[in-house]
Amino acid sequence: MRFVATLLLVYLAVCANFGFTNARRPPTKAELDAFEYSLVEFENVESAKDFGLFLLGFVEGIEISTSKHAQQCIADSGRSIKGFIGAYEQIQFGLSHKSVSAIGQGFKTLGNNLKEIPKILEECEVKVLVKEIKGIAQKLESGTAGVIQLLVKEAINIFHNRVDLTADFKRAIAAEKRHDFKSFGLESGKIVGVLLKV
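Mapped onto mature numbering (1 follows the signal peptide of the UniProt record, and there is no 0), the consecutive letters of the sequence shown carry residue numbers -23 to -1, 1 to 175.
In short, the hints are calculated from the structure, not lab data.
Remember, predicted model here, so these are calculated numbers, not experimental data.
One or more hints might be untrue.
Unchecked claim - Think about it this way: if two alpha-carbon atoms lie no more than 30 Å apart in a straight line, the pair counts; the simulated DSSO-like pairs of lysine-lysine are:
id, residue 1, residue 2
1, K85, K75
2, K111, K59
3, K174, K92
4, K45, K130
5, K108, K75
6, K75, K45
7, K104, K174
8, K96, K130
9, K108, K159
10, K159, K116
11, K174, K111
12, K85, K147
13, K75, K104
14, K159, K45
15, K174, K96
16, K45, K108
17, K26, K116
18, K130, K26
19, K167, K92
20, K167, K59
21, K159, K111
22, K104, K167
23, K104, K45
24, K147, K92
25, K75, K26
Turn these sequences into a full structure, and let the hints steer you where they fit.
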């Protein structure tokens, strides 16, 4: 018995001297900062991939034909999808809570983020509808009257030139919630396509 106890003490002494203990020291600030930075980098990479899928869907939804080279350029654009998600979350909140102001803020946020799409399309040598998308983005961002009409009864319905877009917005929101970013972009492109029609 003494022999076993002695071996145990020797083992513990060796482990303590050579750092083989199971006792964990708290991480240093530098280690925490490095870990946090790696999480942010991972999040940014994922957001950029998601945005690439979103934008490919958007181009398809607005019915712009693109070359394989342009599609690859669009997919690799490296932007963040967070702004579009935020815009649709504001719109969803407004629809759920019958808040015209929340929907209006969502449209302004959507317009602000739509401004990036023509820049990316031009970078990728896609010239179709660039000027028109810029115009819609500016109108949405500024809150110009007449672009979108809201009908408030038991629920809020979203219209453009007597075309009901409520279901389109709900499909876009549902796609984003499923993390189906290509469908999210497709539905968003269809919405902008309707907004482009006078």
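Checked hints:
A hinted pair counts as satisfied when its Cα atoms are at most 30 Å apart, and K85 with K75 qualifies at roughly 17 Å. Distance check on the hinted pair: K111 and K59 sit about 20 Å apart at the alpha-carbon level, within 30 Å; holds. With a C-alpha separation of about 18 Å, the suggested pairing of K174 with K92 holds against the 30 Å cut-off. Simply put, K45 and K130 have alpha-carbon atoms about 46 Å apart, too far for the 30 Å limit, and the pair is violated.
The straight-line distance between the Cα atoms of K108 and K75 is roughly 33 Å, outside the 30 Å bound, and the hint therefore fails. As the CA atoms of K75 and K45 are separated by approximately 43 Å, the hinted pair breaks the 30 Å bound. The hinted pair formed by K104 and K174 meets the criterion: a straight-line CA distance of about 18 Å does not exceed 30 Å. Between K96 and K130 the alpha-carbon distance is near 38 Å, which puts this suggested pair outside the 30 Å criterion.
The straight-line distance between the Cα atoms of K108 and K159 is roughly 23 Å, inside the 30 Å bound, and the hint therefore holds. Distance restraint check for K159 and K116: the Cα-Cα separation of roughly 25 Å lies within the 30 Å cut-off, and the hinted pair is therefore satisfied. Restraint check for K174 and K111: the C-alpha separation of about 14 Å stays at or below 30 Å, so the hint holds. About 18 Å separates the Cα atoms of K85 and K147, which keeps this hinted pair within 30 Å; it holds.
Taking the CA atoms of K75 and K104, the gap is near 38 Å; set against the 30 Å cutoff, the hint is violated. Taking the CA atoms of K159 and K45, the gap is near 17 Å; set against the 30 Å cutoff, the hint holds. Between K174 and K96 the alpha-carbon distance is near 21 Å, which keeps this suggested pair within the 30 Å criterion. Between the alpha carbons of K45 and K108 the distance comes to roughly 22 Å, so the proposed pair stays at or under 30 Å and holds.
Annotation: proposed proximity of K26 to K116 holds, straight-line Cα distance about 28 Å (limit 30 Å). Simply put, K130 and K26 have alpha-carbon atoms about 39 Å apart, too far for the 30 Å limit, and the pair is violated. With a C-alpha separation of about 17 Å, the suggested pair K167 and K92 falls inside the 30 Å cut-off, and the hint holds. Pair hint K167 plus K59 holds up; C-alpha atoms about 20 Å apart against a cutoff of 30 Å.
With a C-alpha separation of about 21 Å, the suggested pairing of K159 with K111 holds against the 30 Å cut-off. The suggested pairing of K104 with K167 holds, with an alpha-carbon distance near 18 Å, which does not exceed 30 Å. A hinted pair counts as satisfied when its Cα atoms are at most 30 Å apart, and K104 with K45 qualifies at roughly 15 Å. The hinted pair formed by K147 and K92 meets the criterion: a straight-line CA distance of about 22 Å does not exceed 30 Å.
Restraint check for K75 and K26: the C-alpha separation of about 33 Å exceeds 30 Å, so the hint is violated.
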